[in-house]
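**Student:** Going down the list, the sequences are from chains A and B. All residue numbers for the first sequence refer to our numbering, where the first residue is 4 and numbers rise by one. All residue numbers for the second sequence refer to our numbering, where the first residue is 4 and numbers rise by one.
Calculated from the structure, these hints are not laboratory results. A few of these clues could be false.
Pairs count within a copy or across copies, as identical chains cannot be separated in the list.
Subject to a maximum C-alpha distance of 25 angstroms in a straight line, what follows is the list of computed BS3-like cross-link-like pairs (lysine-lysine) [what the hints assert, rightly or not]:
1) K28 - K401
2) K438 - K603
3) K39 - K401
4) K28 - K400
5) K438 - K28
6) K401 - K438
7) K39 - K603
8) K401 - K52
9) K400 - K52
10) K52 - K438
11) K39 - K28
12) K39 - K52
There are 2 protein chains.
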Amino acid sequence: MSRDLSALFDPRSVAVLGASAIPGKWGFWLARGAVKGADRRAVYLVNRKGGEIFGRQAYTSLAELPEAPELVVITVPAEGVEEAVDASLDAGSKAIVLISAGLGEMGEEGAARERAIVERVRAAGAVLIGPNCLGIHDSGAQLELCSEELESGSLGLISQSGNLALEIGMVAAEFGLGFSRFVSLGNQADVQAAELVEALAEHEETRLIAVYLEDFRDGREFARAGKAAVESGTPVVLLAGGATEASARAARSHTGALASDLEAIRAACLGAGIELVYSPKEAVDVAMGLLSHRRPRGRRIALAADGGGHTVVASDLVIAEGLELPELSEATRAELATALPPTATLVNPVDFAGGGEQDIRSFERVIGTLLRSGEVDTVILTGYFGGYSQYSDAFEKKESLSAAGMARAAEETGVPFLAHTMYWRSGPAETLRAKGVPVYREVEAAVGVASRLARRTPEALLGVPDLPPPAAAVGGPQDYFSSRELLAAAGVPFVEARQVGSLEEALAAAAEVGYPIVLKALGQLHKSDSGGVAVGLRGPEEVTDAFERMEGSLSPPSYSVEALAPLSVGLELIVGAKRDPRFGPVVLVGAGGLYAEIVKDVAVALAPVTEAAAEALFRSLRIAPLLDGARGRPAVDVGAAARAAAVLSRFAAEHPEIAEVEINPLLALPEGALGLDARIVPGEDAR
Amino acid sequence: MSRDLSALFDPRSVAVLGASAIPGKWGFWLARGAVKGADRRAVYLVNRKGGEIFGRQAYTSLAELPEAPELVVITVPAEGVEEAVDASLDAGSKAIVLISAGLGEMGEEGAARERAIVERVRAAGAVLIGPNCLGIHDSGAQLELCSEELESGSLGLISQSGNLALEIGMVAAEFGLGFSRFVSLGNQADVQAAELVEALAEHEETRLIAVYLEDFRDGREFARAGKAAVESGTPVVLLAGGATEASARAARSHTGALASDLEAIRAACLGAGIELVYSPKEAVDVAMGLLSHRRPRGRRIALAADGGGHTVVASDLVIAEGLELPELSEATRAELATALPPTATLVNPVDFAGGGEQDIRSFERVIGTLLRSGEVDTVILTGYFGGYSQYSDAFEKKESLSAAGMARAAEETGVPFLAHTMYWRSGPAETLRAKGVPVYREVEAAVGVASRLARRTPEALLGVPDLPPPAAAVGGPQDYFSSRELLAAAGVPFVEARQVGSLEEALAAAAEVGYPIVLKALGQLHKSDSGGVAVGLRGPEEVTDAFERMEGSLSPPSYSVEALAPLSVGLELIVGAKRDPRFGPVVLVGAGGLYAEIVKDVAVALAPVTEAAAEALFRSLRIAPLLDGARGRPAVDVGAAARAAAVLSRFAAEHPEIAEVEINPLLALPEGALGLDARIVPGEDAR
């Protein structure tokens, strides 16, 4: 990675291959955009038939150009793509933007053609964007080689969908945000998202990177690039497509994408500090919050509005988000009282009760007091602000001054300040935005972003671990006992167990293990659902009964006789790992036992994880309070559970031939932890 | 209830008491609005000082008017309110809109003045809106007696906040929705929300009722009115304020409201079929979905867009909402193929792959095919539609024809059809809206509303039960044993238990009950958290150990010796009831045991509930699959658990002196159910 992409964003010369004078054609838009940069660089329009395009004589081939075109943008029919790429490379081009579709997204034949093209490009030391893309745009460099017209601004956008890029652009524009750079990824045959994230992080005009991606290609490289961007002060917002079965099927047709599971994407985002969003609107809302570059230290919110209804609705949203609305101190209330009428509510939420209408500058004083109080971590203004400007010019002037004062107080205190107003396009709202305060259209957007910012703790990032070298492959399918043995050898403690085939062997094993015991019928995927598990058998008679019942109903190939773990003092957990095609092994820890499927309380991370990271994952679960004991139960040994998860994560990372590995339940005990079940599923190649 | 409110909405004559010629004053706005209706009714402006207002000679008192003003709107300083109300009644007014504030929301003295005013109004057979309100508006009757200017339309709006009404109005207007009637509730001293919901349900021009409410007053009456409206075909959308502690404290200051718990509000909405929302934007989004009056029969969605990225993002949102995206049949795919290019994706989601651009009428054909397929319950269009109109007038014409065609297919099939488009204000989007198709600005809004409509099953409404006559009060505080006895007497089965004071008594009781037993230290609120519960003691020795340990660490006033319930074959549930100040007793059922606090899996209903309704509540829980047995456990007797919940709900409903009653856990067994604990908390009056 880390190839030089400068020829893409600010080439000395550009050629449009397939330029056209016919409006509506791709070659028309591209030629028109290219010509806009003619003050800054040589622009060559190439059309097989020659003729005049935008007042310029078109060349009939790249070979005719007076110099090597540093960047060539190609829009020719699919069957001519190889010839066009070869001609570009022959002409000395160092960067190609391949608009044409009909390659990698069209099945194996197209994919093979695409691979061959990339080989030739790389052999020539050049880079290629696309194919099947909309082009590239750099506001600062006056490079407009795409069909979309974008407002200038501070967002860098990398997108695998043209229409979504367009929608993100339209929504961003409504909130006054524009773009520094835009790259349409297409099939990512050569240049991939990771390289572009790296390039945008180094681009001065780009203050935030927004990405829409269906295929992460080298997922860890993407995560690493994102983490580096975040750490260097350029936040990354990711809209990820294809994270469910239905959307993956859509993505496959769209860009030939090999999609990743949502859990893998979440793990990568958590490790890298990337903000994962689910829609264009959410992407813009979150971007506005991140662009202020102020981070809350906790979850305490102060709410203010001139109007009781707005404070009431916002309060409910704040509490529903799991944020806090602490009562303000007497001192702070006294200070607020000097700025507001006697009917105002001061306790938090703060309701001006008409005080804003009486004196618009009271917004400045109230918000300033709240920001300086030290009693809250974020201040949210909601409701009518911005609307007073409708009354008169004098009101508008005061309201804009008040907006500037609020923004100044936020700047000075460094405390995050977010606003929602019904008048989100008003002059005072624009003043707030211009001075770095995000102003939202919906109160739920403001509260949602405040909550997201409060959850964001970059210092606690799990990171993007390197993969260890593969260990010797474990071979094909694994049964219960071989799975147990592999994991036990790796260092996971399991409850004592003996594999038996007959009642006689079962009774002998039970005597060795010591009563009470557990008898499991093996060879069943869901042993406990089918009556294949008998727990707490207290003597030979009970073992005989259970054995004969299972023999009759299930006739399993073999059985396991196991010591009875002290379930009543333990807590059932799950630890597992799954291999994602793009992000590699992902470790999962969660609540186990009867409620596991219902609670769906899991935390994920890119594998392998350290013990400390695994413990942090357990502590992030909703069941975390139970780890420390609850309802008269003792605390459990989280360290031991974390050790088991870390060991399993390393095992998964060292065995690329394994698709899934799971210990469910892992019983965390007051001292230690014990695997009570194990399952290893080989990857398709190893089956 | 059911008073005649026609004098409020379409009076034969109106007087504005406190009319003013000075812009910015309330009396100015009201006078201006009143005069607009002068073609329809006599309008009298009254100002103590006389003079000319809007070209009319103002009367100096109501006594001077030539006829009785059927409606008087009063905007005078707080101290003059009693005099103004008396003068109105003396003049023969049948309806008063009291704008003035400074009464019920200002503490006990103001509340007493407010009550006295209402008594006089009622004695005169009149009705009163307010005080502390913004007025009233009826588009059809040209009655404009409020400070807000509202677009005409089909929404009836009842609001306890002026600014929220304004915001709802602004958001609605963006989507082409206006208002048939608006009533600002203020303190609801006389006319309450329930009566207005009833009046709006009967109002022909009102097709949907939107309500913002902080105080439900007679909550059951409100729920009943809502249910009647819904059943007569007028949906009700409720934005409820004050459902959390922080917002209740804000609401109290705002309108003197006595707020209700979110659970009580949810129970009422579930019983009545009212749609509960959390923000103005959500209110409008949901209203748009309900106004189409088409209801899905299930959760199967078909998604379509001209653009792969949009189908991908929408698919992920659909799956996240718990909706389904079934693959379409071969026959349907074949039909779709005739309308789209060969590169299109047909399986669901349907990606036109540029087919829309090639032929805009393909939208009509594709959506028509999906609506008629019988394979899905809702069709969602997302993405670029509406944008082709930018290219040329010819495109716009075709796109609008396509919009009309889609709307017609939705109409003909009766299958719900929702759209999201980036061009949500375009001509084709307006065409869709005009023909009854909701068009959303964000794809997540479209998907969220589709999911809400799919959850909506009015036929399964629990209803709004009447309260039974109170039984003999049970007196003051209840301990564990008296709580158990009261509930056992009502019909809840409990595990066998003996109250004991000494070790000797404990051993005797244990022998009677039969080993193994449970020993509980009483007088502890959280017995199990403090080591006050010992489970499964197998003989006198273990009882003695446990007793001595509790005696040493807790020295409780007494103990309970109980039979050990068969925990391993049972499922721990919670049943309880709580009295809400506005909605009365609300019954709650949920998951119990160790995970209860974490799972927070509860269902609520207005009490009392029948056994059948209680069973439906249990079946609506996320743990419902466990009721039928899972992981090798037997199915439990849901009927018995439902019987216990129904009995408890009736007990709570018959005892208004009780604030809370709870059985946690209620152990549902393969046959029967057993209460293992009980708690009754008296109301404040009975403490």
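**Student:** Please go over all the hints and tell whether each is borne out by the structure.
**Tutor:** Status of each hint after checking the structure:
1. K28 - K401: This pair counts as between: shortest inter-copy Cα distance 20 angstroms, intra-copy 51 angstroms.
2. K438 - K603: neither (42 angstroms within a copy, 42 angstroms between copies)
3. K39 - K401: Classified as neither; 42 angstroms inside a copy, 33 angstroms across copies.
4. K28 - K400: The answer is between: 21 angstroms across copies meets 25 angstroms, while 48 angstroms in one copy does not.
5. K438 - K28: neither (41 angstroms within a copy, 34 angstroms between copies)
6. K401 - K438: within (16 angstroms within a copy, 44 angstroms between copies)
7. K39 - K603: So K39 and K603 fail the 25 angstroms test inside a copy (54 angstroms) and across (59 angstroms) alike.
8. K401 - K52: neither (63 angstroms within a copy, 34 angstroms between copies)
9. K400 - K52: neither (60 angstroms within a copy, 35 angstroms between copies)
10. K52 - K438: Neither, since 52 angstroms and 49 angstroms both go past 25 angstroms.
11. K39 - K28: within (17 angstroms within a copy, 55 angstroms between copies)
12. K39 - K52: within (23 angstroms within a copy, 69 angstroms between copies)
The structure is inconsistent with the numbered hints 2, 3, 5, 7, 8, 9, 10, although it conforms to all the rest.
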